[in-house]
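S.K.: Here is what each chain is made of, one letter per residue.
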Amino acid sequence: MSGIKYKSKEQIERIFYPESVAVVGANRVKGTVPYDMLHNILKDNYKGTVFPVSPREKSIAGVKAYKYVIDIEDEVDMAILVFPSSVCHLALEQCGEKGVKSAIIISAGFREIGGDGVQREKRIKEIADKYGISFIGPNCLGIINTDPGCNLNASFARNMPENGNIAFLSQSGALCTAVLDYARAKHIGFSKFVSFGNKADVSEIDLLYYLKDDPKTKVILLYLEEVSDGRSLMKVSRKIIRESGKPILILKSGRTDEGASAAASHTGSLAGSDDVCDAAFTQAGIIRCDTIEDMFNFAIGLVYQPLPRGNRVAIITNAGGPGVLATDMTIKENLSLARFSEKAKEVLKKSLPGTANICNPVDVIGDARVDRYNVALSSVLQDENVDGALVILTPQSMTDIKAIAEEICRISCCYNKPVYASFMGESDVSIGVDILQRRKIPHYQLPENMCKAFARSYRFNRQLKKEYTAAVVFKDVDTDRAHTILNEAIMNDRWFLSEAETVNIMEAYKMPVLPGILAVSEKDVGRIAGSLGYPVVMKVSSEKIVHKSDVGGVILNIRDGKEAEAAYQTILNKVSRTVPDARINGVFIQKMAAEGEEVILGLKRDPSFGSVIMFGLGGIFVEIFRDVSFRVAPIEKNEVAGMVQDIKSYPILTGVRGRSEKDLESLKECIQRLSQLAVECTQISELDINPLIVMDRGKGCYVTDIKIMLGTERRKSCG
Amino acid sequence: MEKAEVEARIKKVIARVLALDEDEITQEANFIFDLGADSMQSLELVAAFEEEFDIEMEEDEALSAQTVSEAVDFVAKILAKAKKE
Numbered sequence: 032m033s034g035i036k037y038k039s040k041e042q043i044e045r046i047f048y049p050e051s052v053a054v055v056g057a058n059r060v061k062g063t064v065p066y067d068m069l070h071n072i073l074k075d076n077y078k079g080t081v082f083p084v085s086p087r088e089k090s091i092a093g094v095k096a097y098k099y100v101i102d103i104e105d106e107v108d109m110a111i112l113v114f115p116s117s118v119c120h121l122a123l124e125q126c127g128e129k130g131v132k133s134a135i136i137i138s139a140g141f142r143e144i145g146g147d148g149v150q151r152e153k154r155i156k157e158i159a160d161k162y163g164i165s166f167i168g169p170n171c172l173g174i175i176n177t178d179p180g181c182n183l184n185a186s187f188a189r190n191m192p193e194n195g196n197i198a199f200l201s202q203s204g205a206l207c208t209a210v211l212d213y214a215r216a217k218h219i220g221f222s223k224f225v226s227f228g229n230k231a232d233v234s235e236i237d238l239l240y241y242l243k244d245d246p247k248t249k250v251i252l253l254y255l256e257e258v259s260d261g262r263s264l265m266k267v268s269r270k271i272i273r274e275s276g277k278p279i280l281i282l283k284s285g286r287t288d289e290g291a292s293a294a295a296s297h298t299g300s301l302a303g304s305d306d307v308c309d310a311a312f313t314q315a316g317i318i319r320c321d322t323i324e325d326m327f328n329f330a331i332g333l334v335y336q337p338l339p340r341g342n343r344v345a346i347i348t349n350a351g352g353p354g355v356l357a358t359d360m361t362i363k364e365n366l367s368l369a370r371f372s373e374k375a376k377e378v379l380k381k382s383l384p385g386t387a388n389i390c391n392p393v394d395v396i397g398d399a400r401v402d403r404y405n406v407a408l409s410s411v412l413q414d415e416n417v418d419g420a421l422v423i424l425t426p427q428s429m430t431d432i433k434a435i436a437e438e439i440c441r442i443s444c445c446y447n448k449p450v451y452a453s454f455m456g457e458s459d460v461s462i463g464v465d466i467l468q469r470r471k472i473p474h475y476q477l478p479e480n481m482c483k484a485f486a487r488s489y490r491f492n493r494q495l496k497k498e499y500t501a502a503v504v505f506k507d508v509d510t511d512r513a514h515t516i517l518n519e520a521i522m523n524d525r526w527f528l529s530e531a532e533t534v535n536i537m538e539a540y541k542m543p544v545l546p547g548i549l550a551v552s553e554k555d556v557g558r559i560a561g562s563l564g565y566p567v568v569m570k571v572s573s574e575k576i577v578h579k580s581d582v583g584g585v586i587l588n589i590r591d592g593k594e595a596e597a598a599y600q601t602i603l604n605k606v607s608r609t610v611p612d613a614r615i616n617g618v619f620i621q622k623m624a625a626e627g628e629e630v631i632l633g634l635k636r637d638p639s640f641g642s643v644i645m646f647g648l649g650g651i652f653v654e655i656f657r658d659v660s661f662r663v664a665p666i667e668k669n670e671v672a673g674m675v676q677d678i679k680s681y682p683i684l685t686g687v688r689g690r691s692e693k694d695l696e697s698l699k700e701c702i703q704r705l706s707q708l709a710v711e712c713t714q715i716s717e718l719d720i721n722p723l724i725v726m727d728r729g730k731g732c733y734v735t736d737i738k739i740m741l742g743t744e745r746r747k748s749c750g
Numbered sequence: 005m006e007k008a009e010v011e012a013r014i015k016k017v018i019a020r021v022l023a024l025d026e027d028e029i030t031q032e033a034n035f036i037f038d039l040g041a042d043s044m045q046s047l048e049l050v051a052a053f054e055e056e057f058d059i060e061m062e063e064d065e066a067l068s069a070q071t072v073s074e075a076v077d078f079v080a081k082i083l084a085k086a087k088k089e
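For the protein sequence lines, the chains are A and B, in the order given.
Okay, so the first sequence: first residue is 32 according to the working numbering, each after it adds one.
Okay, so the second sequence: first residue is 5 according to the working numbering, each after it adds one.
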């Protein structure tokens, strides 16, 4: 991934700020894409020069047309290709000859249709590379730049959106038009609006790098159908958040996952691509949204108001029920109700009627007019114990909706604290909602959504303050030793490592593995077990058997030589009955771990995000409880604690109901060592350590059972 | 029929359907990129060629001819085949 070169600021700038544009393939037929593209550019008052290029028309919409782009006497900064896909290569070739350096290819009929389309896309990419043309698309709606200095609507959307500070990037063109319509109704403005389609040249990563430094953009929204380069997405997102403080909100479709069911390890079956995506986004600081509505609900909070410095909110309402709903959601979202200062309480008591509730939520009572909202909102915003205000209104006969909305806007400007509003209802409150939306007070029809949005803004502010630490790199590991074992297995066309090999790999990475030796005959059993020290555990060793206990291949707690010899025969008999065609290498004898808490550590290689580490409560029921957390490797030092704390059963590790606290430091070190192994040994496709026994505090951990699988391609070929 | 005759008649048909001067129509001209035919006009051209030469053409195959010379070759091939039969 590190070899990929992304577009420079200048290359993307030429797409958003061209001084001249040629619409190549334009026609005179209203209601068609070639005509509407040109018409949109003209009607939305583009500040540059437009050249229609049409093989047959002398002029379109009163503008002189050219047969070919090379016929244009002036320089052309950008070409918008609206020809059918079968001739786009001809048009692009001429653009190259003309010296055009950026393009938008609107036409469909490329990679998305398969077959010939794939070849066509390859061809236009080759032409673009030959001439150094950066292009958006193909198969897209186009781009919009609302910057008044440019005003370019190079899309076939119905209307130009309002100017604003939100950038919206989408893989789906059709979704774009729906989003524009939704945003228009709510007076949500955009800085840049991009439908990037098949992203044959300019990708979402290129656009994100550009938006990082775009002064017009304060929040970035991204709709994705596939994450084709997860690691780069994480990298650029971190960079944007850390260096520019701009939030990134992603709506990614496709939450279902069919691939996980085919996995051979616990980790493989638990780490579905969407779980990995969730974990990676959180790790990178990306806000993942479930719906378009959520996305805009969160975005307007983030872009219109200052970020909450703390989580103490004041709720002001003229209705008790909605106040309670908002309180419930406030608590659920880990916000807290502010405790007002005596001074604030005094003002509220003096100014509100005796029946009003002056504690939080402040209930100004159903017949409240603008004066009560004024005093309540001003008092709480002045209070140092309050980090932000949530204002609720329900429309009674005497409620002066317009005046209250205007007062909220006015007061909000006087304090550097966030104010969000929820005017509940639809028709009666619309006059107030319109005022709030136009004057950039985040408005929500439901108070619950208002609380959720406030919580996202608060969490984002915390994210900004978070200190980042690099992943720990252990110097005492023996990477060469691990590589030798892994490469030898690959050369011998094996995709599972034997017990002895897995122990060897664990030792190379200084993981606290219990010693073990393979016994190949009954006569060796007593000697080996004795040398390890009783009690021991004995496990069948066979490349064909992954889940040994399922076939009677494991016996625990063997206390002497006699029991060990008997166990040897029992295992061989059971396994040869259950899996008659399995080639058995012998029985692996391992020192038995003392009692502790069983957890699972795992590794899986994800096609988009690379190595992913899993941690959770271990044992044979791990897939049933699914109490696991994920992180993409390498795991930053301060992410490790969060990973351990993310699981629901975390309190078990800290000591509950008389149980002692476990050795969390040792556990965290094991996770970090596994993370390093994942990064350095890319031959491994899946790995399970189940269980890892975590002893009492100060007594360490023990790796007991390990499974290591090599590349998935190999596995497929093995059937 | 001679190929030159096929070409001349094809150019006449194209000029009529697309309302162009015959001398604008070169052998290498692409129906869409150079002559500006849209999808409806492409279908009209196929029908006009069939009428002009009294032949039947498979639509998808006919539309795969992107240039004038490809259309001439395509029609000439059908005429030759018909003559043999």
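Among these hints, one or two may not hold up.
A partial selection of chain B residues facing chain A, derived with a Cβ cut-off under 8 Å [stated by the list, open to error]:
{"id": "1", "residue": "ASN34"}
{"id": "2", "residue": "ASP38"}
{"id": "3", "residue": "LEU39"}
{"id": "4", "residue": "PHE57"}
{"id": "5", "residue": "GLN70"}
{"id": "6", "residue": "LEU83"}
{"id": "7", "residue": "ALA84"}
Negatives, chain B to chain A, calculated, CB over 10 Å [unchecked claim]:
{"id": "8", "residue": "GLU26"}
{"id": "9", "residue": "ASP42"}
{"id": "10", "residue": "VAL76"}
If you are wondering where the hints come from, they were derived from the structure by calculation, not from laboratory data.
The structure presented is a predicted model; accordingly, all values stated were derived computationally and were not measured.
All C-beta atoms, glycine included, are put in the ideal place defined by N, C-alpha and C.
S.K.: Regarding the hint that ALA84 of chain B lies at the interface with chain A, is the smallest CB-CB distance below 8 Å?
M.R.: violated, 27 Å
S.K.: Say whether it holds or is violated: ASP42 of chain B keeps its Cβ farther than 10 Å from all Cβ of chain A.
M.R.: violated, 7 Å
S.K.: Per the CB criterion, is PHE57 of chain B less than 8 Å away from chain A?
M.R.: violated, 24 Å
S.K.: Hint check: is the beta carbon of LEU39 of chain B less than 8 Å from a beta carbon of chain A?
M.R.: Status holds, d = 6 Å.
S.K.: Once the closest CB in chain A is found, is it more than 10 Å from VAL76 of chain B?
M.R.: Its Cβ never comes within 10 Å of chain A, the nearest being 19 Å, so this holds.
S.K.: Is the interface hint for ASP38 of chain B satisfied, with its Cβ closer than 8 Å to some Cβ of chain A?
M.R.: holds, 6 Å
S.K.: Does LEU83 of chain B pass the interface check with chain A, least Cβ-Cβ distance below 8 Å?
M.R.: Violated, about 26 Å.
S.K.: Against chain A, is GLN70 of chain B within 8 Å by beta-carbon distance?
M.R.: Nearest chain A Cβ about 7 Å off; hint holds.
S.K.: Measuring Cβ to Cβ, find out whether GLU26 of chain B lies farther than 10 Å from everything in chain A.
M.R.: holds, 15 Å
S.K.: Return the status of the interface hint for ASN34 of chain B: holds when the least beta-carbon distance to chain A is below 8 Å, violated otherwise.
M.R.: holds, 6 Å
Taken one by one, the earlier hints fail for this structure at numbers 4, 6, 7 and 9, listed in ascending order.
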